[in-house]
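Number of protein chains: 2
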Amino acid sequence: MSSVNVKIAIAGIGTVGGGLLELIRKYKSSDIKINVTAVASRRKQKFHGQFLKNTLFFKDAKELLSFDDYDILVELIGGEGGVAKKIVFDALKKKKNVVTANKALVAKFWKELKSLEYKNKCVLKYEAAVAGGIPIIKVIEEFLLSNKIKRIYGILNGTSNYILSKMLSSNKEFKSILIDAQKLGYAESDPTFDIDGTDTAQKLSILSSLAFSFNNSANSIKNEGIDKIKLVDLKIAESLGYKIKLLGITEIDKKRIKNYVYPCLLSKDSFVAEVDDVYNGIVVESDYCKKSFFVGEGAGAYPTATSVLSDIVNLSKGKENNLSIYSQLKKYDSVTLEDRYGSFYLRFTTDDRSGVISGIAEQFKKYNISMKSMLQKEQTGNYTNNATIVITTHNCFERDMMKALKRINNLNFIREKTVYIRIEKFK
Amino acid sequence: MSSVNVKIAIAGIGTVGGGLLELIRKYKSSDIKINVTAVASRRKQKFHGQFLKNTLFFKDAKELLSFDDYDILVELIGGEGGVAKKIVFDALKKKKNVVTANKALVAKFWKELKSLEYKNKCVLKYEAAVAGGIPIIKVIEEFLLSNKIKRIYGILNGTSNYILSKMLSSNKEFKSILIDAQKLGYAESDPTFDIDGTDTAQKLSILSSLAFSFNNSANSIKNEGIDKIKLVDLKIAESLGYKIKLLGITEIDKKRIKNYVYPCLLSKDSFVAEVDDVYNGIVVESDYCKKSFFVGEGAGAYPTATSVLSDIVNLSKGKENNLSIYSQLKKYDSVTLEDRYGSFYLRFTTDDRSGVISGIAEQFKKYNISMKSMLQKEQTGNYTNNATIVITTHNCFERDMMKALKRINNLNFIREKTVYIRIEKFK
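Going down the list, the protein sequences come from chains A and B.
What the first sequence shows, in our numbering, is residues 768 to 1194, in sequence order.
What the second sequence shows, in our numbering, is residues 768 to 1194, in sequence order.
Hints were generated in silico from the structure; no laboratory data involved.
Take the hints with a grain of salt, since some may be wrong.
The list cannot tell twin chains apart, which means a pair is met if one copy fits it or any two copies do.
[Said to hold, decoys possible] As a list, the in silico BS3-like pairs of lysine-lysine whose alpha-carbon atoms are at most 27 Å apart:
1) Lys-915 <-> Lys-1139
2) Lys-861 <-> Lys-939
3) Lys-905 <-> Lys-793
4) Lys-1192 <-> Lys-1035
5) Lys-1058 <-> Lys-950
6) Lys-1057 <-> Lys-1192
7) Lys-917 <-> Lys-793
8) Lys-888 <-> Lys-878
9) Lys-1144 <-> Lys-1021
10) Lys-1194 <-> Lys-861
11) Lys-888 <-> Lys-875
12) Lys-1025 <-> Lys-774
13) Lys-795 <-> Lys-915
14) Lys-863 <-> Lys-1035
15) Lys-1098 <-> Lys-795
16) Lys-1194 <-> Lys-950
Looking at chain A on its own, in the form it has when it is part of the complex (with noise of 0.2 Å):
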């Protein structure tokens, strides 16, 4: 029960590289010594503290391809390319262990980074890659051990889900909660990933790689983000006793496997309903735990830089992963969006005239796809013309609700493109 003395070195200080250095030196144990041997930045900051003052500053994180003095890269620049893949895959190939916050690399070459690290025995760790204040890759490899996993689901983005939870809290739209959004620091400039799911398919990516062994990769996820969605759909939903939050869901199915990135409506009471704000929320079903749930801050420097500082703990512990099961990596068949058989909430904006019913209905009827319910919003305001009908279905084939809508919308009542979103049952 020595003390272990463990190199570290750091590259990109940015928020979470920021946070980190602060945890790091308020760390306290006497079985693992942190050091801190270098770190790159662009930037030019004060480090300060006594722990820093041995540390090494390089101004080009490429420098660290040629520098050897450490135990563990951490790696918190991002992107899947760049110099981030370069000292990854370097670090690697050194077999050195590495702990990452980057999502878009882990996900886009997890095949590549699990072959290089069952080869050269040595680990990648990337608990800050999905949702920061959430153990959740701890928990599926240490801790559901035995346990099937069936289907993971639930918001993966802090952003798209304040923006979410703001419209409908402040009744504004869409547009005017992301300039509110980005002025606190709780979207980024370009928030684009973020709000158009790619952000979530790729720590979905993760989470179905490691869950189901399965040989995947973010590019494969067709992704459909939040910027559609207005604050009426909202209002109508929490009317009608739901949610609309996007998820992440995948899951395997007579061994194919589904992965869906995309905004739905919930039932109020389901867990991951419950979650606001920047939270995120993840339900795990597996066989003998049935349902296991976890929430925690999707963003921001503290929660993600507690995730990189328990991977570099961990491995210091000389904790190794299951590098074995990665050999033999599985493909599955994949289930499309155009595949998926569920229910939809649709609004209609049509002409306030006779007929419109049974126009939809007609269409509805050809593509084998039945109302569960119906609502006609009395109009106010300037649209006195308009009528605006709320259905939501029974399970349906998509691709059949995708050829009944476009017809729908070439009806000659129609005056709007209907705006259709998934209702998912998860409990």
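Using the hints, position chain B against chain A.
Relative to the frame of chain A, chain B by itself:
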């Protein structure tokens, strides 16, 4: 990355032990081979599977005292004394590692067990002792590093949560649901410790000891159970926007420790209020991660067995606890329940006549208690001469409330002893 062979001896094959054997049989890893060298079980049973063909069978767990051919003792007998205590202490004295699900033992002998671990450089793991399906010990020990925990609270007992949930959903009183629960296997034949809060207090004691390095003992926690909760209180609470849950709460407040176990009203919007049936739910509040929330099944063979297997495998991978922190357990003063400053739900059963409210209000004034809301229920059925008055209060000191209630209960218009349930404001 060569394969590790680990030898385990299992004491006690009841529900959890049976589940564990199944999980071990299914556990596949080329890194860790689990070899069950001995099983002690009072009841003779069929052990099947190739993996048990070389296993010794003891009828009396005491035989393990003179048995040495194991790396890890897995103690699943339970109870704070007797043979369970003997074999656990014996194993640690032999410098063997121990995995246990025994909350009573760990809660009561925390200090002794920790000092023995530290002295003998061996490890006791007890994930299964607190909230079977939630890896809460792992989260605190391995994830929230550098985070200072401020407060942990949650639903720690599946049986009592099941009873409270079912009373409301099936509109039945406590006793009737308890009988159903026993038939369904959700409550033991002697459910005293589950219902009176003892089980929650033991688990809370462990969490408190771990989170605050507190030299604590379950015995010092004054617990209240759910047997006094009536259906009418669940219903009124619901109409006021609350749910009633049996909580364990541990927190540091000005260097003093609060350890409370009681049923209380919680806003329906709070994380924990959403946790129903046999599920457990735990919130950890820390400085850097703010709020983390974990939900999982609180009872049953498999979630608990999952925790035990997780401990076995993690120990086998050479993962050590941060033992040194236990060399200096801290002593804190405790905040007693009498010191509690909080609000109350009160249900008075009185004569249906004038002067009642003013009589109650007079006593409140004397003890600096101020009302937040008042509700007089219309009487139906046989009790037409009784009035039911429900009052919620602003924060006040527990000792003042107890004095006021003592006086109020002696007033001549009071027909039944006044029901009080605390209100907690966790979000």
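Structure-based check of all given hints:
no.	hint	result
1	Lys-915 <-> Lys-1139	neither (34 Å within a copy, 50 Å between copies)
2	Lys-861 <-> Lys-939	neither (52 Å within a copy, 66 Å between copies)
3	Lys-905 <-> Lys-793	both (23 Å within a copy, 20 Å between copies)
4	Lys-1192 <-> Lys-1035	both (10 Å within a copy, 21 Å between copies)
5	Lys-1058 <-> Lys-950	between (37 Å within a copy, 23 Å between copies)
6	Lys-1057 <-> Lys-1192	within (16 Å within a copy, 30 Å between copies)
7	Lys-917 <-> Lys-793	between (39 Å within a copy, 16 Å between copies)
8	Lys-888 <-> Lys-878	within (15 Å within a copy, 39 Å between copies)
9	Lys-1144 <-> Lys-1021	neither (41 Å within a copy, 55 Å between copies)
10	Lys-1194 <-> Lys-861	neither (47 Å within a copy, 48 Å between copies)
11	Lys-888 <-> Lys-875	within (21 Å within a copy, 42 Å between copies)
12	Lys-1025 <-> Lys-774	neither (41 Å within a copy, 39 Å between copies)
13	Lys-795 <-> Lys-915	between (37 Å within a copy, 12 Å between copies)
14	Lys-863 <-> Lys-1035	neither (46 Å within a copy, 49 Å between copies)
15	Lys-1098 <-> Lys-795	between (44 Å within a copy, 19 Å between copies)
16	Lys-1194 <-> Lys-950	between (35 Å within a copy, 25 Å between copies)
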